[in-house]
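K.L.:
These are the residues of each chain, in order.
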Amino acid sequence: MKLNRRVFIGTGMAAASTLTAPMVHAASHGKPKVVVIGGGAGGATAARYIAKDSDGEIDVTLIEPTRSYYTCFFSNLYLGGFWDLENLSHSYGTLASDYGINVVHDWATGIDRDAKTVALAGGGSVPYDRLILSPGIDFVEGSVPGWDLSAQNAMPHAYKGGSQTELLKAQVMAMPEGGTYVMVAPPNPYRCPPGPYERVSMVAHVLKANNPTAKIIIADPKENFSKQGLFEEGWQKHYSGMITRIGPDFGGGNVTVDPAAMTVDVDGELIQADVVNVIPAQKAGHICEAAGLTEGNWAPVDGASMVSRLDENIHILGDASNQGDMPKSGFSANSQAKVAAMAVRGALTGSRVFPAKYSNTCWSLIATDDGVKVGAAYEPNEEKIASVSSFVSQTGEDAALRKATYEESIGWYEGITSDMFG
Amino acid sequence: MTSTSGIFASVLGGAALVLGIAYGWTARDHREQELGALTDRIEQLESSNAALADQAARQDDLLAIVTELETALATALDEAEAARQATPVALAEPEPSAAEEPETVIATATGLEFGDPEQGEAVFAQCRSCHQIGQGATDRIGPHLNGIFGRRAGAHDGFNYSDDMAMMGSDGLTWTIETLNAYLENPKALVSRTRMNFAGLKDADDRADILAYLRQFSASPQNIPEAAPTAQAREVELAPEVLAIVGDTDYGEYLASECTTCHQQDGSDQGIPSITHWPTEDFVVAMHAYKQKLRPHPVMQMMASRLSDEEIAALAAYFAESE
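Quick mapping for you: the protein sequence lines, in order, are chains A and B.
Just add 30 to wherever you are in the first sequence, counting from 1, and you've got our numbering.
Just add 997 to wherever you are in the second sequence, counting from 1, and you've got our numbering.
In isolation and in its complexed conformation, chain A is listed as follows (with noise of 0.2 Å):
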């Protein structure tokens, strides 16, 4: 089941001139057909670029069970008071009414591989001829102990946008005068490697307004964090003295959390707080468990294609995706959706499928202005995706640059938005 680059490419594009077609209308009766799951970074894109480049000769089903999609890139915004949570929410209609994609808001329930068709909670199932897999992370149970979902409420994770984000939102603005926030960092790997210590630096930024005397505890089992460098200056210069680190050098690692009691015991010390944000270990979205796609807690694709290592006709994107060193962004699962939809309609259509090319840029907001930026250009290889090049902000750089980057980092919000829902 294990395909090379090579011999998928080329399967693909000889099966779409001569063998598929007779196939494609067994299965479908008419147009091949793709189904998407999950309306994110990944599955959005993925849709919309399988819709737009076959000119109506692929059908386009997404699967996303909400209505309004908050994006949970850029929520440290909303929680830092810069951004509305309306600038954060987007829909699903310019997907169906310009690009004829066939929007189903349900939950996907599992995925028939014999059959090929996905199940519905709402009842009834979908047949695809080739499956796109978005369903991004869920959470290890016990990775936090004390914590699982029931608890989310008392202490939020806000790592799926939308009602967390709010929650959040509302627990920090309601500390008590010199309250202390907890922040339980997750151990590597996990979505959005800056986006705890941009939520650390946007939390920072409101309390220093309203509440300057309150303090930020995080909890990290982590050596090192992404933009550590450019973090610690910024927390240094703008909120110095409100912000303490403990790695796992001092226990950071050894967390249990009683959310009745609202106490986090680091390393047998035991801290009273006002708000505690877990965020919890991550893995795959849970359906991809559920159909034998994973290995471990994520799962393997081939990153020629982003198709699944163990099923030829499913690709799957974006953060439950494990395909070497690209981090689990946006704008990674974005990428790709491209190379993701390229193949596929390849596979189906026998349009022309070119090498894939991948990059990711993630901007964080340290406070008003000061943004920096970190990225990388990618390429896969027969064992992963590979970095090629990359380059990241520097410390000290002038005030004028750090502000052009933020301004830089909402022109990408805006560009990777309208690349997703149109």
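Keep in mind that the hints were calculated from the coordinates and are not lab data.
As the structure is a computational prediction, the values presented were derived from the model and not from experiment.
Hints may contain errors.
Straight-line alpha carbon distances no greater than 35 Å define the calculated DSBU-like cross-link-like pairs of lysine-lysine that follow [what the hints assert, rightly or not]:
hint	chain 1	residue 1	chain 2	residue 2
1	A	Lys190	A	Lys414
2	B	Lys1185	A	Lys267
3	B	Lys1185	A	Lys82
Label pairs and their computed distance ranges (CB to CB) [stated by the list, open to error]:
hint	chain 1	residue 1	chain 2	residue 2	range
4	B	Glu1040	A	Asn254	27 to 33 Å
5	B	Phe1156	A	Gln424	49 to 55 Å
6	A	Gly60	B	Glu1307	35 to 41 Å
7	B	Gln1056	A	Glu412	45 to 51 Å
8	A	Asn254	B	Gln1267	29 to 35 Å
9	B	Ser1265	A	Gln424	54 to 60 Å
10	B	Phe1195	A	Ser127	46 to 52 Å
11	B	Asp1263	A	Ser180	41 to 47 Å
12	B	Glu1065	A	Gln266	32 to 38 Å
Cβ atoms here follow ideal geometry from the backbone N, Cα and C, with glycine treated the same way.
Use these hints to put chain B onto chain A, whose structure you have.
P.N.:
Using the frame of chain A, we list chain B on its own:
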């Protein structure tokens, strides 16, 4: 019971005797062992001493060899220098061969030099309608040019620059001999929507002269052309064959999907410039300027650096066709 105790007592006595003998034997044996260990250690030290002496001798040998080699090298260099001076026409620069990688057509040249400032003053006449320079110079249509060397682009207080020039400045474009040379040659290749309405000085000597003239009005002239990290290429004048590549629009369509993650297709330019309605040749030149790291933006340098000439042409063809 008693007989048992007797046996016990004698066993104990025997045991004590055995222990006593054993202790005496052990103590003596221990001293012998210590002595043996010391002897071994002395032997070890003696042999390592010998090894060190051996090493020192070899080091001396090596030093002698190095000295010998240095002498030989110096002699060879002297001979080579003498031979070079004896030959009036030194090794000529090889002509760039047609088979070379197309990328090398806009190869870097670190040896930019200033020309004649007096000639430069004459060339500058065509700039005076917009730019003042020298004592009492003020901003007119263009900014005054006193202290231009080392100044961040778009950063002179009080002058209303184009958005593109301001953005280039915040991206890190600084005026050096390299960047000014490129800008003077083709202003829009370096800064796409600059307000400087000037076609460019195509003659390299004219540019060298005018740069020499301008430099006289910079307080601390930066006569270190190789020092600016973002200015490695001398020019973005592309070979005709590079500009003539006919792009593959299908490939361009796929490659363009990388651009639209950031650049909006509707032409909005908040924070990130618009790339719609861009003349093909300007597009190609700009991408090569990023590829050569002449334009400073790190994301664009990275994206352009992995594009071949054909891929840049494919992108340009796609963008040209899609509008």
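K.L.:
With reference to the structure, classify each hint as holding or not holding.
P.N.:
Checked hints:
no.	hint	in the structure
1	Lys190/A / Lys414/A	holds, 27 Å
2	Lys1185/B / Lys267/A	violated, 38 Å
3	Lys1185/B / Lys82/A	holds, 34 Å
4	Glu1040/B / Asn254/A: 27 to 33 Å	violated, 50 Å
5	Phe1156/B / Gln424/A: 49 to 55 Å	violated, 27 Å
6	Gly60/A / Glu1307/B: 35 to 41 Å	holds, 38 Å
7	Gln1056/B / Glu412/A: 45 to 51 Å	holds, 49 Å
8	Asn254/A / Gln1267/B: 29 to 35 Å	holds, 34 Å
9	Ser1265/B / Gln424/A: 54 to 60 Å	violated, 28 Å
10	Phe1195/B / Ser127/A: 46 to 52 Å	holds, 47 Å
11	Asp1263/B / Ser180/A: 41 to 47 Å	holds, 44 Å
12	Glu1065/B / Gln266/A: 32 to 38 Å	violated, 57 Å
The structure shown violates the earlier hints numbered 2, 4, 5, 9, 12.
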